[in-house]
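As they're listed, the protein sequences go chains A and B. Counting with the working numbering, you get residues 236 to 1036 for the letters of the first sequence. Counting with the working numbering, you get residues 226 to 318 for the letters of the second sequence.
Keep in mind the hints are simulated off the structure, nothing from the lab. One or more of the hints may lead you astray.
Unchecked claim - Capping the alpha-carbon separation at 20 Å, the derived lysine to aspartate or glutamate pairs in DMTMM-like fashion look like this:
1. A:K993 with B:E287
2. A:K993 with B:E281
3. A:K885 with B:D257
4. A:K1027 with B:D257
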Amino acid sequence: MLTALHFAIIAPFIAAVFVPFLYKKFSYIHTGWFVLAVPTLLFLYFLQYLPITANKQTVTAVLDWVPSLGIHFSAHVDGLGLLFALLITGIGMLVVLYSIYYLSKEKEALYNFYTFLLMFMGAMLGVVLSDNLIVLYTFWEITSLSSFLLISYWYEREKSRYGALKSMLITVMGGFAMLVGFVMLYSMTGTFSIQEIIASADDITSHNLFIPAMLVILLGAFTKSAQFPFHIWLPDAMEAPTPVSAYLHSATMVKAGIYLVARLSPVFAISGEWLWLVAGFGLTTLFWGSFSAVRQTDLKGILAFSTVSQLGMILSMLGVGAAAIHFDSMEDNLYVGATTAALFHLINHATFKGSLFMMVGIVDHETGTRDIRRLGGLMTVMPITFTIAVIGSFSMAGLPPFNGFLSKEMFFTAMVDITSFHLFNIDNIGIVFPVVAWIASIFTFIYSMMLVFKTFTGKMQPEKLDVKPHEAPFGMLLSPIVLISLVIVFGFFPNILSYSVIEPAMASILPSLLGEGEQFYVDIYFWHGWTIELFMTMGVIGIGTLLYLSLRKWVAMYQVFPDTLTLNHVYDQTIVGVERMSSRLTGSYMTGFIRDYLLYIFSFFAAALIFVLFNKNAFSIEADLAPISLYEVILAIVLVSTAFVVMFTKSRLKAIIGLGVLGYTIALFFVIFRAPDLALTQLIIETVSVALFLLCFYHLPHISKELEKVRFRLGNLIISIAVGVTVTLIGITANSSRLFESISGFFPEASYDEAGGKNMVNVILVDFRGFDTLLEILVLGIAAFGIYTMIKLRLAGRNEL
Amino acid sequence: MMNILLHISAVIIAVSILIALYRVAKGPSMPDRVIALDMIGINLISLVAVVSLILETTAFFEVMLLLGILAFIGTVAFSKFIEKGVVIERKRD
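Hey, can you work out the whole structure from these sequences and the hints?
In structure tokens form, the structure reads like this:
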């Protein structure tokens, strides 16, 4: 039944319906103010669940959708779902507030924007709160769709459409793969409910479909969360309005993949492949994203690659955290920390990345550009924005005292711990993990510094800016200020999150570790002592500063990579190549000649039937056939020789007459096989059709009476012989293998006794099988009408006839 | 005895159809072919008659009548076609 929880999930969709009306009716009020109520109320509603999940309680509400297929709209609130729901509604609230000041009431199509945004919000809530895989998939696709619409919001721009199409193609590809994975899960466990699948997780690890299901589901998660090499859509999605970038492409949608990985960890984490894939791809993405971010000159480009990189970091921590399942006890279980770190960083990233995007939006809005080569010296003009940028970037770089520092330390801890991991051969090459993570952090530090110092310090270049820069209005600053204060609050008091949000979410990710009444130990402290992580952070800051200061000297290194090797180039070439290849392929067989199509049809017919006939060993010739009389032989000779005349004659008229002879001979066959009705009909029809042939022959232009020599083609000969042989063989086989007696014994008596007729054929035609006759009459009627219309109804040149 | 005679006559008629068929194929002119066709038609009538006797049935008598009509119509139509190039002339108005 429909509960308040269900209503909360679909509330944004319902609200989206009313947006155009509100826009039209209250055009003097910015539509965003109405929309703002939706995430605010939802946020307050979801806050109520905090005490419930903190006590390890979950709330499940089931609404039947397609019960016969096991598809229920079942909402399930646990720690993990609630964490995401709060992120979605909370940041959604701030983004809507920000967009009210960002988007102009007069110039923009606001009803489009808010309809799409609400649609996205509802879909995202559906993804994180659904317990049914099919429902989850449905909402998942709606997020792809609404993201597509939001990226192409300024659809008159070429780049927006390109970015929207690219993100659509990549995420929907992943979505389909994921659906396949879900169906595999269903066939293994017999249920679509995630909780039930988790409960039966132990039974399916050795199933044949276990690894394939894992791979395709991970493909879905990786494409959505912009993991290497599928991250290429995210930088192009930056053509969307900045509130969209802040909401979808930093805080919510790109975390759907992470949500999926976390949600299905209890199912798959027992296998080593999961750990390797998730951690490996996460770490690759972390490195590649941070490495690529440094070369960007567009502020949103930097943030896009930074998002890619941070998502990789969260995912790698989740992968490592999965190792915790292999250790039963909670004591000395180092890997639990990795999951804590992943969740903590997930929250942190949403806060600082959201505020940074909003900061970039403000800079763009107030200066008219996002290019760091044209910006500089904005510190004194935009002090509040500068403060936001400093705090957000320093948190992103992992500097104390902000929350990024804490999660970075925990990340290093997790990566260092992996070297002492003695499963799946990881201790041999485990040292790669912390080293790559450390190098990636250095790049993170560099681009974070670029973000602040290239924009706000140095000399201002007013001649390069379109407008005179000034501080943004307060309403626009409000949302980033809220987020940035959260960065500081979580930085100084991380433990307000630990047991209210993070610990319940961990219980969802690692359910098998908790005994009755136990809970995870997730206290987060600033000071660990003189540990290796601290020295790693110091190294990051030291080397990062050096590299940033010498940036101009080594930035040319990026030019070393040829453009043809970039993933974007590969993507573009694939799109162009696939299109070109398929059109070439289609052109190669769709020639437009009916002759060619007949060739395909006949050769396939012959090949398939002969193959089946002999593959199934079905060919047979019955021994006792009826005796052959002399007349049949003579008629057969007439038939065959006439057929040859038709084939080899040079005169069209001769061919037509030959066909007539054929028809008459067949009539004669009907005679000697004792079918008088057939013989009568055949004779008349044959005469009429010969007459029609003559008519055609006379009326067709440009066709002379004499044929040119019929060109000999070996292919035609082979195929025609093959078809003839096929039909003959099948005829013989069918005649020789009768499975049961024919029903014809019924008719001779019944036609007189029951239908009162002595002509059996006619009785069958009009009494026993009268329905067929009716429709044959219909066919003739249609043909007659058709011919009449074709002759009379000439739309072009009607007066000619 | 009677039966053997019937069979012999049937074979003879069939052979004459074959010979007429040769004329249809060979030609050389169109009227040759049309005459040969007409002859095949008439031969067919007699063949059907003989076959009816052999099969001892009256079921094919309509076939004979029909063949006669069709052979006549066909020959007339062909002749008209050869002479005028059309079978059914349009009304002149």
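Now for the hints, and whether the structure bears them out:
no.	hint	result
1	A:K993 with B:E287	holds (16 Å)
2	A:K993 with B:E281	holds (17 Å)
3	A:K885 with B:D257	holds (17 Å)
4	A:K1027 with B:D257	violated (37 Å)
Violation of the numbered hints given earlier is confined to hint 4; every other hint is satisfied by the structure.
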